[in-house]
Structures are given as structure tokens and as C-alpha cells.
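Protein chains in written order, with this note's numbering: chain F, 1 to 454; chain V, 455 to 800.
Calculated from the structure, these hints are not laboratory results. Keep in mind that the hints are not guaranteed to be accurate.
DSBU-like, lysine-lysine: derived pairs with alpha carbons at most 30 Å apart [said to hold, decoys possible]:
1) V:K621 with F:K137
2) V:K753 with F:K182
3) V:K621 with F:K161
4) V:K793 with F:K138
5) V:K753 with F:K161
6) V:K596 with F:K137
7) V:K753 with F:K138
8) F:K231 with F:K213
9) V:K621 with F:K138
10) F:K363 with F:K425
11) F:K137 with V:K552
A quick note: this is a predicted structure, and the numbers were derived from the prediction, not measured.
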Amino acid sequence: MVWRNKTAEQKLYNQDDLMLNKCKLKIFLSFITAFTSAVLLLFSSGCSSRNQPPVISDDSTIVYLPKNPDDISADITFCNRISKKTGEPVGEGTIFSIKDNAKVFALINLKNRKNYPDNDLMFHIDWTDPEGNSFYKKRIDLLTNDSSSTINSSISVSPDKRKAGNYTLRFYLFRELIAEKKFLLANEQVDNRLSDNKKTAENISARITFCRKINSKTGKLIDAGKIFTIKDKGSVIASINLTNRDSSINQLLTFVADWVGPDDSSFYRKKINVTPNSASFTISSSISISPRKRLPGNYKLKIYMEDNLIAEDGFKLVNQDKVEKNTLPKLNKESVSAQIIFCKKISKKTGEPVNIDSVFVIKDEAKVFTFVTLERRDTTINNNLKMIIDWVGPNDSSVYKKKMDINLLDRITTLTSSISITPEKQKPGIYFLRIYLSKVLIAERKFELIPQAK
Amino acid sequence: MLLGHSSYFFNSIWFHLDPADPLLPNLEQFVLRYIGYICAPGFLMMNGAMVWWTYHSRVSKGTKDWEARWHLIQRGLFLVLVQVTWVNSSWGGFSEFKPGHLGIIACIGISMIILTLIVRMSWQLRLGIALAIFSIHPFLLKIAYNPEIMWQQGLMQTFVDSGDFNKYPVLPWFALATLGSVMATGWFELWKDDKKRILYGLSIGLISIIISIIIRMGNGYGNIFPFSDFGSFSFFLDQKYPPSLFHNLWFFGWVVIGVSIVIALNNVLPKIIKVLGIVGKVPLFFYCIHLAILGIFSKRIGLFYREGEIIETLIGFAIILVIMLPLAKWFGGIKQRSKNYIIKMI
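Starting from the given sequences, assemble the full structure and let the hints guide the process.
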């Protein structure tokens, strides 16, 4: 380079050179800064149109939402086939069988397509196998005269082409990932023994609770029970709590709530699609119980998952006038049994009683805890019940009374209560704990408080 | 280049990334991929500049015209040989001998041979040839051929199109090499001081980039892949295999600007250029050895092969650089002292 080939004469002017170099350095650094800033600005501001990290939609599509909410986004549905008549997916799911002549279809629904009527849009669908290798890629251009808002693609899942494992479909708009979703391919041999749906169904347990209303804010069931009065604008809501013991809980599950009348025939079926976001989740279904629609009698609700009955429970509809007179269950000692345990504390970790005893020493900061186990023997007793836990002292007067509303939804229900047994509050003697349910004494047990040895 | 290769071996995106039709999940992966796009234009242009400079330098020292050309032709043939013997197999860690296809090193070699034939022409004529090829190439891409028929595949993919046989067809890349030789005329002959080199370089680079943007925004001739908006992923990612006219002009501009920066840097921070010079003196050695190391240890032995993403790619890049810099310096010394024909070629 000419610049570096300085002559001996030039070297005499080192000071000038230094000044010149400093000046050039400034110019050069300014140029580099401006250049780098321009490049970074271009890349950071305009390059990516999507937000990171992605969000997971209700149907378990991983969606990279657009920075501009009016831009296009997509959700993906997998199915066994697409109805030629309706264009709707048939056999939706995320688990499919590998078998001859079978296919998996992906139906991609575009949101905000209408915002781009005058633009050609370039999409790519990329199917990847369990190792992450792309095995089928398809480019789809939606031209300006094409107002389609759905795109579909399919792959063969015959045994000679696919192996079992987790597959992914990625969906790109102008080369940028906007949505992806996984699905599982299982071997047909497995299916022959036990269908995927049945396998899933076996892993699902369901508990049905009937109630009159559900608090929209808290989700709490109001007037839960098994006997309901037929009245105008009345309804029975079934809250179905489902627990999935399988790890693959992020798949789309389809349930059917089948309401069966007193004549044992189905009068209302509701399909419920849900992609659970945790191992325990709740779905609901409701029916009107106005006099014009329902007759008194015993009703049933059956919950199916993909044709497998997973839960069933009944309830009774009665006419208003009969309710008060005849149908309220008579609660007595046989309706509910209670087992009372006294202890020094309740484990915070396990909720179990610790240091069970019936004699306790009165001392500072001491307490007596009770651990009550209620067993429902009469299945009709599960309405909102008034319960009283009454701690009674040696002179037969109440030391502490705890009132609560209780729903005996499960056969076994446990609850706890405690009193302080400091020298200031309690005296030595025999104490009782009495449990009342709707003013009926259902259990009592005594314990003794003794003074601290000097 | 090293960053791109590190990504190829350590970045899991390459399980599904098709370089001919790239789809990218996020900005980081886009930047990582796009940085590598400038390598091939840079290689070809520097190769063209080197051909021009070597030829004229030798001739000015008294070497006969065809003797100087023959030297360059031999070097071109040597590069083709290196491609089919070493480079092709090194991607897989030499688990398989794969002489059956070409690649970028062969493309450089063939371009070098062809450029030798026009190296004495005036810069205006060479510029005209390069621009003519650029202009005609989009039409040549429309020639239908059957890649299943070997001679059609061989002919088309050696010179015009990209495919399994060759991702770097000679025509568009030779045009870039020719532009490199044109720029060399400026850098080494016409522009007498660095101020002019930098100024003219920046101006030419900028003009080329502006023209490329105009072509891209026109969304017609010179474009191959469509794009959504200016500055989006798709705007930058026009077709590379083979390159579109936009791609060629865009990267020609950036390479010229890059050279101007290097010239400026050489004046103010010469030590940095010395470090770059370690690799610059033995580029073929660097290319062949780092690829072999990555191929053997990552692909063949399975060391972190496509197990990571961005961070792992950068770590791999740093490790290979630490290994390769001393090796390149060592081999640079050997090459300087050696009179062995093969070593001189590497």
C-alpha cells in the first residue's frame, strides 16, 4: 500500500503524521459508527415482524404474534381428513396412527387475511420429523385475487414413509415463522391393542358436580346438589372436573356431555373441545329446567370422550311445591358419619395430624387441633349444608363455635379446627368437640386439658 | 464464513433449514444466516482482484503473457481438484469420498481460469462483460432442463442454475469475480492514494446498493423471491442459489464498502489488519482445514453436532478461531519459505 511506504523524508514529520492520523481516525470512527448504527437500526427495527417469545393458543398452536396486531397470524388444526362438503376438519387431534393409505391433514386458519386484499402473500409449510429434519416443504402464494383465509397441507402417514414420534409443522409468512404445532404419530400395532382415544380416555378421570349457578368471577359453584326445583328460567349446570394422568395433556380433547331424561333417552348432547393447560381442568354444560321443558324425575349426565364413557352421575328434578314437603333429605346421624381426632398440630406440608392425643397440657402458645373426617353415607346429602364445630368446656358452655357451609361432594371430606389452650384462656377439665350438620348432632368426642406440672 | 460453517455444524436449525429456500424462526437466526451471505461474493471478488493483480504484477516483472496466464490457470485447476477431492469429503469428516459434485472452491477455480482469458482487457470492457452476464443470467434461468439427465444437469448447474450437482454456477459468480478485477484496476492502478480508494470505493458501493434496492423494490426483473416490506427478512433473503441480480449488486456494494473500511482501518489500526492478514495470506488452507476439523469432530465423531443454537454456534466459532489462527500463522510461514509447487498453491 502506498500509504505505508513512507520515505525517510516523510518520517521527519512524525508529529504531522500523528495529527493527520488522529484526524483520520476520528473521521473513520464516525463513519464506522454511522454505518454500524444504520445497519443495526435496519435489522432491529424493521427486520422481524413478530413478537418473541411466542404464545400458546387454546388449541396448542405456538403462535408468534405480529408486532402489529392487524398483521396476519395463524392457528393450526390437525385432522384425519377435511370434509369435502363443509371444508371442516374431521377427526381433529394431535395423535394419529401410522397406517396404510392414511394421511394427516393440517388446516391453517389465517387471521386478518382480509387486511391484505391487495397483497400477494407468500407462505411456507414445513413438516419436520422427530429428528427435526424437514421432510416436506410446500410454498403457497395467495395472490391478490385469492381471498382464501385457510390453507391446508397433508402428508402420508403410511408405515413405509413414517415412523412413530413427535412431528412438527411450521408455518411461515414471507420466510418468517408465524406459527408451529406438534403432533404425535403412533404405530398401528399399538392402536390395535388399544386405541389412542381409549388410552387417553383411560387416563382421564372425571367428577361431575351439579349446581344451580356458577359464580362468573370466582368460579365457585352455587347451590350444588342433586335435587333441583323445576322453575322458569331455572337451569342445572354440570361442572365436570377432569384430571388427566397422562403427560400428553396439551392435545385437543373432545368430550360429549349427554343429558339423559327420566325415560332414559338422551335429550341434549353437547360437544366440548378443550386443550387443557394443566393436568386438572374443568368443563361445564347446562340445561334449562323450566316447566315447559322438563318433567320431574331422575336425570342423568353421561360424559364421553371419543365414544368412551368416562363419567356418569344423576340428579333429580322436582316440582316446586313438593320440594319443601317431601323431597328434602332427612338428615340424621346415619346420613353422615364423622371421625374426630385431636392432635397438637396439623402438618403444613401433608395436612395430616401430628401428635395425636386426647390429653393436652395447658401452656403458653399451646393449641388443640381437631382433624375431622366426614363420610357421606346418604348420596342425596350433598347440598350446601350448615355445619357447626362446637368446642365445649368443662362447665358445658361453648368455648368456641365455628360455623361453615359445606358441600359433601365427595364421599369423604376432611376439615380442621383448633382452639388456644393457654392458661389465660382455658381451665383444666374435660372438654368436648361436637359436630352439627344442619343442626343435627352427628358426632362428639371428649378430650382433657391438664395443668402444666410445676 | 467460519461463523456460517460453525452454525452449519452446531446449530440445530440446520436440520430443517434449506439454504436454497431459507425459512427462519427469529432475528438471531436470521442474522447468523445472513452474515454468511457476504462470503461467496467476497471470495469471488477478491479472487478476481487477485487474478488481475497477480497477472499484471508478474507481467510487469517480465513474465511472459501466457506464462503468467498459465500460472493462474493451473491455480484454477488446482482449486477444482481441491473441491472434488478434499472439500466435498471434508463436510462429512471424510467418512465418504464424494468427488461427484462441484462447489464454491471449484466455482472460484473455474472463474479464475475464465478470467485469465479476459484479464488484459480494459476495465470498461470487463465491466461491460460482467454487467452483460448479470443482465442475461435471469433469462438463462428460465431455460428448462431435466436434472435427472446427467449432461443437462452437469451443463446447466456448472454454468447457470443451482442444484445437487453444484450450488455455485459459474456465470453469475464469474461476473462478480470480473467486477472484482475491475475494482482491482481502481484499487491498484487508477486510484493513486488511499483517500481516493476509500472515497471511490464507498461511492461505488453505495451506488451499487442503491441500484440493488431500486431493483428489489421494483419486485420484477432481477428478483427471484418475493418480499413483504422493505427491511423485512424476505426483503434481504432473495435467492442466493443461484444469486439474483439484486443479490449480486447488493453484496457487490457491501464487499466494496468492506474493502474501503479495511483500507481505512489499515491506516488507523494496522494491528487489526495484521490479524486479518494471518488468514488472508493462506485463505485456501484456512478454508480446507477448518472445514475438515469441523467435519471430523462434529459430523463424524458427533461432537455437539447440531445440538445447539446461537450461543453454541458462537462458542464453536471462537474455539475454531483459536485453533486456526496459530495454524494459519504457522502455515503462512511455511508457504513463504517453501518452493514446493503444491504448498505454494495452497
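Each hint tested on the structure:
no.	hint	verdict
1	V:K621 with F:K137	holds (19 Å)
2	V:K753 with F:K182	holds (27 Å)
3	V:K621 with F:K161	holds (28 Å)
4	V:K793 with F:K138	violated (54 Å)
5	V:K753 with F:K161	holds (25 Å)
6	V:K596 with F:K137	holds (23 Å)
7	V:K753 with F:K138	holds (28 Å)
8	F:K231 with F:K213	holds (14 Å)
9	V:K621 with F:K138	holds (21 Å)
10	F:K363 with F:K425	holds (10 Å)
11	F:K137 with V:K552	holds (27 Å)
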